[in-house]
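A.B. asks: Taken in order, these protein sequences are the chains called P, L and D. According to our numbering, the first sequence is numbered sequentially starting from 41. According to our numbering, the second sequence is numbered sequentially starting from 38. According to our numbering, the third sequence is numbered sequentially starting from 14.
This list has only true hints and no planted wrong ones.
Selected chain P positions facing chain D (in silico; Cβ < 8 Å):
| no. | residue |
| --- | --- |
| 1 | Glu241 |
| 2 | Gly242 |
| 3 | Trp243 |
| 4 | Thr248 |
| 5 | Gly249 |
| 6 | Gly252 |
| 7 | Leu331 |
| 8 | Tyr334 |
| 9 | Val379 |
| 10 | Asp383 |
Computed list of lysine to aspartate or glutamate pairs in EDC-like fashion (alpha-carbon distance at most 20 Å, straight line):
| no. | chain 1 | residue 1 | chain 2 | residue 2 |
| --- | --- | --- | --- | --- |
| 11 | D | Lys97 | L | Asp131 |
| 12 | P | Lys202 | P | Asp382 |
| 13 | D | Lys68 | L | Asp177 |
| 14 | D | Lys282 | D | Glu270 |
| 15 | D | Lys97 | L | Asp173 |
| 16 | D | Lys97 | L | Asp132 |
| 17 | D | Lys282 | D | Asp315 |
| 18 | D | Lys68 | L | Asp131 |
| 19 | D | Lys75 | L | Asp132 |
| 20 | D | Lys75 | L | Asp131 |
| 21 | P | Lys294 | P | Glu270 |
| 22 | L | Lys213 | L | Glu234 |
| 23 | D | Lys97 | D | Asp65 |
| 24 | P | Lys436 | P | Asp83 |
| 25 | P | Lys449 | P | Asp96 |
| 26 | L | Lys68 | L | Glu80 |
| 27 | D | Lys68 | L | Asp132 |
| 28 | D | Lys68 | L | Asp151 |
| 29 | P | Lys50 | P | Asp493 |
| 30 | P | Lys449 | P | Asp493 |
| 31 | D | Lys68 | L | Glu145 |
| 32 | D | Lys97 | L | Asp177 |
| 33 | D | Lys67 | L | Asp151 |
| 34 | P | Lys202 | P | Glu232 |
| 35 | D | Lys67 | L | Asp173 |
| 36 | D | Lys68 | L | Asp173 |
| 37 | D | Lys53 | D | Asp42 |
| 38 | D | Lys53 | L | Glu145 |
| 39 | D | Lys67 | L | Glu148 |
| 40 | P | Lys50 | P | Glu490 |
These aren't lab readings, by the way, just hints derived from the structure by calculation. For each residue, glycine too, the CB sits at the ideal point set by N, CA and C.
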Amino acid sequence: MTKLGHFLIKNARLLDVITGMDEFGDILVDEGLIKHVGAPLRDGDIPERCRLLNGDGLVVCPGFIDLHTHLREPGYEDKETISTGVAAAVNGGFTTICAMPNTNPPMDNAVTIEYVIQKAALAGKARVLPIGCVTKGSEGKQLAELWEMAQSGAVGFSDDGKPVADSHLMRQALAYSSGLALPVIQHSEDLELSQGSPVNEGWISNRTGLRGWPSVAEESVIARDIALAELTGGRLHVAHITTSGSVDLIRLAKQRGANVTAEVTPHHLTLDERWVLGHDQDGPINGPLGLEAYDTFTKVNPPLRSREDVEALIAGLNEGVIDVIATDHAPQTVIDKLVTYDDAAYGFSGLETAFGLLMTLVHDDRIDLMTLVSKLTVGPLVVLGDAYSDLATLRKGTTADIVVFDPNKDWIVSSEEFNSKGKNTPIEGVRLKGKVVMAFVGGNLVYEQEKLDE
Amino acid sequence: MNFLSSHKLQHPYRFLGKDFFMRETPVFSDKDMDRAVSRIAHEIVERNHGVEGLMLAGIWTRGAPLAHRLAGRILSIEGKEVPVGVLDIGLYRDDIGRSSRPMVHSTEMPEVVDGQKLVLVDDVLFTGRTIRAALDALIDFGRPRQVQLAVLVDRGHRELPIRADYVGKNMPTSTKEEVQVRLLEVDGIDEVVLLREGA
Amino acid sequence: MPSIVKEENKRLRTSLVDGTRRHLLDVDDFTRDEIDLVSKTSDAMLEVLARDIKKVPTLRGKVIVTLFYEASTRTRVSFEEAGKLLSADVINVSSSGSSVEKGESLLNTVRTLQATGADLVVVRHQHSGAPYFMARNLESMGVINGGDGWHAHPTQALLDVYTMRRHLGPIGGRKIVIVGDILHSRVARSNLWALTTEGANVVLCAPPTLIPQEFLSGQHRVDEHPLSTVEIETNVEMALDGADVVMPLRLQLERQESGLLPTLREYSKMYGITRERLDLASKDALLLHPGPMNEGVEISPDVAHGSQSLIEEQVRNGVAVRMALLYLLVGATKREETKAEIQ
Chain P
41 MTKLGHFLIK
51 NARLLDVITG
61 MDEFGDILVD
71 EGLIKHVGAP
81 LRDGDIPERC
91 RLLNGDGLVV
101 CPGFIDLHTH
111 LREPGYEDKE
121 TISTGVAAAV
131 NGGFTTICAM
141 PNTNPPMDNA
151 VTIEYVIQKA
161 ALAGKARVLP
171 IGCVTKGSEG
181 KQLAELWEMA
191 QSGAVGFSDD
201 GKPVADSHLM
211 RQALAYSSGL
221 ALPVIQHSED
231 LELSQGSPVN
241 EGWISNRTGL
251 RGWPSVAEES
261 VIARDIALAE
271 LTGGRLHVAH
281 ITTSGSVDLI
291 RLAKQRGANV
301 TAEVTPHHLT
311 LDERWVLGHD
321 QDGPINGPLG
331 LEAYDTFTKV
341 NPPLRSREDV
351 EALIAGLNEG
361 VIDVIATDHA
371 PQTVIDKLVT
381 YDDAAYGFSG
391 LETAFGLLMT
401 LVHDDRIDLM
411 TLVSKLTVGP
421 LVVLGDAYSD
431 LATLRKGTTA
441 DIVVFDPNKD
451 WIVSSEEFNS
461 KGKNTPIEGV
471 RLKGKVVMAF
481 VGGNLVYEQE
491 KLDE
Chain L
38 MNFLSSHKLQ
48 HPYRFLGKDF
58 FMRETPVFSD
68 KDMDRAVSRI
78 AHEIVERNHG
88 VEGLMLAGIW
98 TRGAPLAHRL
108 AGRILSIEGK
118 EVPVGVLDIG
128 LYRDDIGRSS
138 RPMVHSTEMP
148 EVVDGQKLVL
158 VDDVLFTGRT
168 IRAALDALID
178 FGRPRQVQLA
188 VLVDRGHREL
198 PIRADYVGKN
208 MPTSTKEEVQ
218 VRLLEVDGID
228 EVVLLREGA
Chain D
14 MPSIVKEENK
24 RLRTSLVDGT
34 RRHLLDVDDF
44 TRDEIDLVSK
54 TSDAMLEVLA
64 RDIKKVPTLR
74 GKVIVTLFYE
84 ASTRTRVSFE
94 EAGKLLSADV
104 INVSSSGSSV
114 EKGESLLNTV
124 RTLQATGADL
134 VVVRHQHSGA
144 PYFMARNLES
154 MGVINGGDGW
164 HAHPTQALLD
174 VYTMRRHLGP
184 IGGRKIVIVG
194 DILHSRVARS
204 NLWALTTEGA
214 NVVLCAPPTL
224 IPQEFLSGQH
234 RVDEHPLSTV
244 EIETNVEMAL
254 DGADVVMPLR
264 LQLERQESGL
274 LPTLREYSKM
284 YGITRERLDL
294 ASKDALLLHP
304 GPMNEGVEIS
314 PDVAHGSQSL
324 IEEQVRNGVA
334 VRMALLYLLV
344 GATKREETKA
354 EIQ
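When you get a sec, could you build the whole thing from the sequences and use the hints?
C.D. replies: Here it is as structure tokens:
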């Protein structure tokens, strides 16, 4: 449902981190660009056949950019396709998403990169920026053709799902990619310490009798990679950090002036390990296990951590230690979740719940709305670079990638209604407050939850 | 808690979460109970021509102390000790899953049951299902020559063809009523009361 | 704190005492009353085991399925005997040769079970949490956890506590020492819950590599933690000093192979329960072992078969306790009035 037309959103709160705008006014989208933003337009200035939309109570900001999405195509189309993925993205307010390369065949060459770009263009919803593999086949043995992939449009490199474990290879990857001015996005996990564990190591692993994924398995890799980045001058972006120790490492690295950035997921900012027991935020930390324990819909890699880790991540976000919020959208078929915890697939279908989850932090006064918008729009530019800054602003004359949301809208999470094929979410049935109601990509209305016409 | 006038005690009774009040009417005093036990003891000795090969088995809970009292009474009549066993029928009920389960206790039969004349002792005979279960339990211990039944109260409403050989008191009741035997050893007082629903 | 709350999140307390408990997944939610009830009922069952004709008609017409994904002769036989002595029909499904082995998903197996209309299923599975998954997906069948991964083995804990109580009376304040691979032991975990509920003082003794991180770092020593009184000791002589009960756990060969121990030989020299070590415990200390034993590794043969060893009694008590549990669980009534919400 795309209409390249004229849209005027009236009397909304307009947020733009780049221009520092936070005021009530009108925004006019015309011919794919933002033609006016700011003071309310007089009737005479409104183009003909313009759809007039009532923005009362709504907020308008640049479309969200997700640095970390798994679109599963090619190869795992039962979990998600590019088409369903981009539809899910705009449902969640993400007008640009970066596709991780752990597809089958993996995105380790120009051909697969171009395939993904073209498929996304055909779907015509969210923009897709591909991330290429660091190593051939993501096997961690040999560098992939990074320059070729960059030529085809890759915006960064990652073996996500796995770390680049070999230290020497990671050094070369950082060095080589620095010549391309593109980042290496590392999934920080020491596989020998984590041993494929499904939950955080600590009271939860002891309680459930499951193998534990110790924090140090993430932190030791981050420490190593920071040192390698400083040595090589390469750009390191740390994917989905989850522990307070990781926040400390990044903070110190930044204080030293290292070229390191970090992202955090909405779920690691809000949910903690007790959700594994089927408890929500009100649940006891220690108590008998009920029937709802071992909820496989809470299984994710890296795992949900302790309350203390969550607090440290929120603090790190507010401090600026963490630059970006990225969803790590990982759709799985439900069948792969209806098994024992050890056997279950990892991941959350996160695109469509990210904003609502993050708004709980805003409503609880843990972060302010401007910070949230910043981490979802401007933050990703630390990885994508200034070339994409037009997408992260509402400045007049820039591409109209816009999201409109209602910060107070009550809704209940229902995976049945997801556009994503992935119905795997740990917060099924949870009541959230804050929802995206409209999204524009390049001036096309690609998502409309309700009609706002006057 | 001894009341001389009937209808006086409001008996709060919590059943299935609802409160309703039961009225208590005393039926046997402690002296009445004592006389009944004596009479039954005499009848047992008379009918069995003495206590040769005789055994008593009390059905848990209140049948057991009753059986011990009978044995004591028989001892003073005949000067001979009659062995007393305790039978728990919890594992033999036919209503598992359909009503709340009683605690199961151990069964203790003092000696061989084969060839003995065994008198089952219980406090109240009602539908007869408890006795049927007790007979089942007994068979697992051996093959008594004969089984007789002594009860303190027979309240009627049999659902199985079971009858008592020795009865302390016949008490016709309605199904809405309940007969409660209370014993010193278990309840701290000797009496039998009739409970009726009522305000 | 973000207030993300699930809509339907009532936690219902079930109990053996009022017949509302449908599943036995772990002893972490058992009250002292429930443990008492199990003990009393087990006494009655022991008496049945002592008879010539070891059979009562209690569970006649009830069907119990044992579903063992992990090979185990002793526990399975124990449950089978328990069911049969109660006149139930026991059907054994083991992992070899059945569709279970052919990779039929656990969910499909559960659905098949549901269709059979059995009353109870006893399940042992190598993955922690499998019985919870099954209980969630079964409508009217009860689930007994016969051991899941490293997580729980509730019937073992109950028979261990029962055995201790038969010899010591109430075990509140008694020193109970568990020696062995705590990290991977469902027996240890369930015992911890049952023993702390009974007020015993538990000491866990193992090399640091075999102690869960939470215990090793003392993270559990906070007031709100139900296991806050559990002590950790890596020196076996110090652990055994004055112990009332000593329980060595079986050490598996895999532990050496996965780098957690240098050799079984060294473990046995450092932690094996020998006559000399047992003498450090109190004079009539009880010696328990969940079995099967690795004689010469965690326990020396003379101790295993010595006068303080209650290992054979544990096996007999195991049948009685399982009989008691089958009796108490089958026919759990689901009267809504008797359920109570806990805060």
